[in-house]
Amino acid sequence: MDWIQIGTAIFLGAMLIFIFPRMRHAVKNAPKGSNKDWLNYLMIMVVVGLFIMLLIQMV
Amino acid sequence: MNPNYSVATHSSSSTLATNKLIRNTYTLLSMTLLFSAGTAAVGVMMNLSQGMALGATIAAIAVLWFVLPRTANSAMGIPVIFGVTGLLGLGLGPVLNYYLAVNPSIVMTALGGTGAIFLGLSAYALTTRKDFSFMAGFLMVGMFVVIGASLLNIFLSIPVLSLAVSAAVIMIMSGFILFQTSSMVNGGETNYIMATASLFLSIINMFQALLHILGAFNNND
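Chains as they are written, first to last, in this note's numbering: chain S, 1 to 59; chain Y, 60 to 280.
Please keep in mind that the hints were generated in silico from the structure rather than gathered at the bench.
Treat the hints with caution; some may be incorrect.
[To be verified] The calculated lysine-lysine pairs, modelled on DSBU-like cross-linking and capped at a C-alpha distance of 35 Å, are:
{"hint": "1", "chain 1": "Y", "residue 1": "189", "chain 2": "Y", "residue 2": "79"}
{"hint": "2", "chain 1": "Y", "residue 1": "79", "chain 2": "S", "residue 2": "28"}
{"hint": "3", "chain 1": "S", "residue 1": "32", "chain 2": "Y", "residue 2": "79"}
{"hint": "4", "chain 1": "S", "residue 1": "36", "chain 2": "Y", "residue 2": "189"}
[What the hints assert, rightly or not] Stretch-level coverage of chain Y by chain S, calculated; a stretch enters the list once three of its residues show a Cβ under 8 Å from a Cβ in chain S:
{"hint": "5", "segment": "107-121"}
{"hint": "6", "segment": "205-217"}
[As the list claims (entries may be wrong)] Restraint ranges, calculated between C-beta atoms of paired labels, are given here:
{"hint": "7", "chain 1": "S", "residue 1": "22", "chain 2": "Y", "residue 2": "106", "range": "30 to 38 Å"}
{"hint": "8", "chain 1": "Y", "residue 1": "275", "chain 2": "S", "residue 2": "13", "range": "23 to 31 Å"}
{"hint": "9", "chain 1": "Y", "residue 1": "179", "chain 2": "S", "residue 2": "36", "range": "32 to 40 Å"}
{"hint": "10", "chain 1": "Y", "residue 1": "179", "chain 2": "S", "residue 2": "10", "range": "30 to 38 Å"}
{"hint": "11", "chain 1": "S", "residue 1": "22", "chain 2": "Y", "residue 2": "223", "range": "31 to 39 Å"}
{"hint": "12", "chain 1": "Y", "residue 1": "216", "chain 2": "S", "residue 2": "34", "range": "37 to 45 Å"}
{"hint": "13", "chain 1": "Y", "residue 1": "178", "chain 2": "S", "residue 2": "36", "range": "22 to 30 Å"}
All values reported here derive from a predicted model rather than from experimental measurement.
Ideal Cβ positions, reconstructed from N, Cα and C, are used throughout, including at glycine.
Construct the entire structure; sequences and hints are all you get.
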């Protein structure tokens, strides 16, 4: 393991520590979505996924 | 004052403020993207080492976390956001050098693909005006898991996990673009510098993840 990997690991660890309280706050306070909301998001992600598959075919 | 007139005036001024926020955000986003493309080109031409790129990225994230929130409401926020995006662009140097050597069309496809996804998602959130604030918890948990998996993979070095992380990053960044854009439309975000920073991070993360996926499935190996 070289020092760049060690540096990256420390950086990612610091990000986890920084994000954790924000994540907890967001989970506790964010409004809850309905099934329709989540289905809508899922449909958008399916379209994004299909587009990425198209890009993969292109390269 | 007629209460109906007051409500109409308030609604009209609120719409004007939202439109101004959206216009300012996209103008600043375009300028910062161009600037970071310039610094990325400098990084490529200088053949920047991985250590330097990591240093630039860490410096950018440190400024983003600790300086930008304190300056976003003042004129100082503009040079700070350009500093952050410039450093993040510079940090892309070695990655771009690698993929340009493997197959330059990967970089162009990832660039075009990221642009198309961003424009499509932004247009969707702006035209439908749907509220995506319900995704905040999910996106933050997703981000936490993805960073945790990336950290784990430094020690495990599993290629499939690395690809899965990139795929998850694209999905999460797509969610962040929807969330941030709807937040501007629905009044959750009122600062165009913070909105620009959030959208810029989503775009740059999505671009890197797309580069990784396209590089992994590249037929010209």
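Check of the segment 107-121 of chain Y against chain S for coverage (Cβ-Cβ below 8 Å, three residues minimum)
Our answer is that it holds, as 6 residues pass the Cβ test (under 8 Å) against chain S, meeting three.
Cβ separation of residue 216 of chain Y and residue 34 of chain S, checked against the hinted range 37 to 45 Å
Check passed, 41 Å falls within 37 to 45 Å.
Would you mind confirming whether the straight-line C-alpha gap from residue 79 of chain Y to residue 28 of chain S stays at or under 35 Å?
Holds, at about 31 Å.
Does the Cβ pair residue 275 of chain Y, residue 13 of chain S satisfy 23 to 31 Å?
holds, 26 Å
I want to verify a distance hint. Is the separation of the beta carbons of residue 178 of chain Y and residue 36 of chain S within 22 to 30 Å?
Given range 22 to 30 Å: holds, Cβ gap about 25 Å.
Are the Cα positions of residue 36 of chain S and residue 189 of chain Y separated by 35 Å at most?
holds, 12 Å
Okay, residue 22 of chain S versus residue 223 of chain Y on CB: inside 31 to 39 Å?
For residue 22 of chain S and residue 223 of chain Y the Cβ distance comes to about 24 Å; the hint is violated.
Could you grab the alpha-carbon distance between residue 189 of chain Y and residue 79 of chain Y and see if it respects the 35 Å cut-off?
Measuring from Cα to Cα gives roughly 19 Å; hence the hint holds.
8 Å C-beta criterion, at least three residues: is the segment 205-217 of chain Y covered by chain S:
It holds, with 6 qualifying residues against the three required.
Keeping to a limit of 35 Å between CA atoms, is the pair of residue 32 of chain S and residue 79 of chain Y held or broken?
holds, 29 Å
Does the Cβ pair residue 179 of chain Y, residue 10 of chain S satisfy 30 to 38 Å?
Holds, since residue 179 of chain Y and residue 10 of chain S (Cβ atoms, about 36 Å apart) stay within the stated range.
Holds or violated: 30 to 38 Å for the Cβ distance of residue 22 of chain S and residue 106 of chain Y?
About 36 Å separates the Cβ atoms of residue 22 of chain S and residue 106 of chain Y, which means 30 to 38 Å holds.
The structure is inconsistent with the numbered hints 9 and 11, although it conforms to all the rest.
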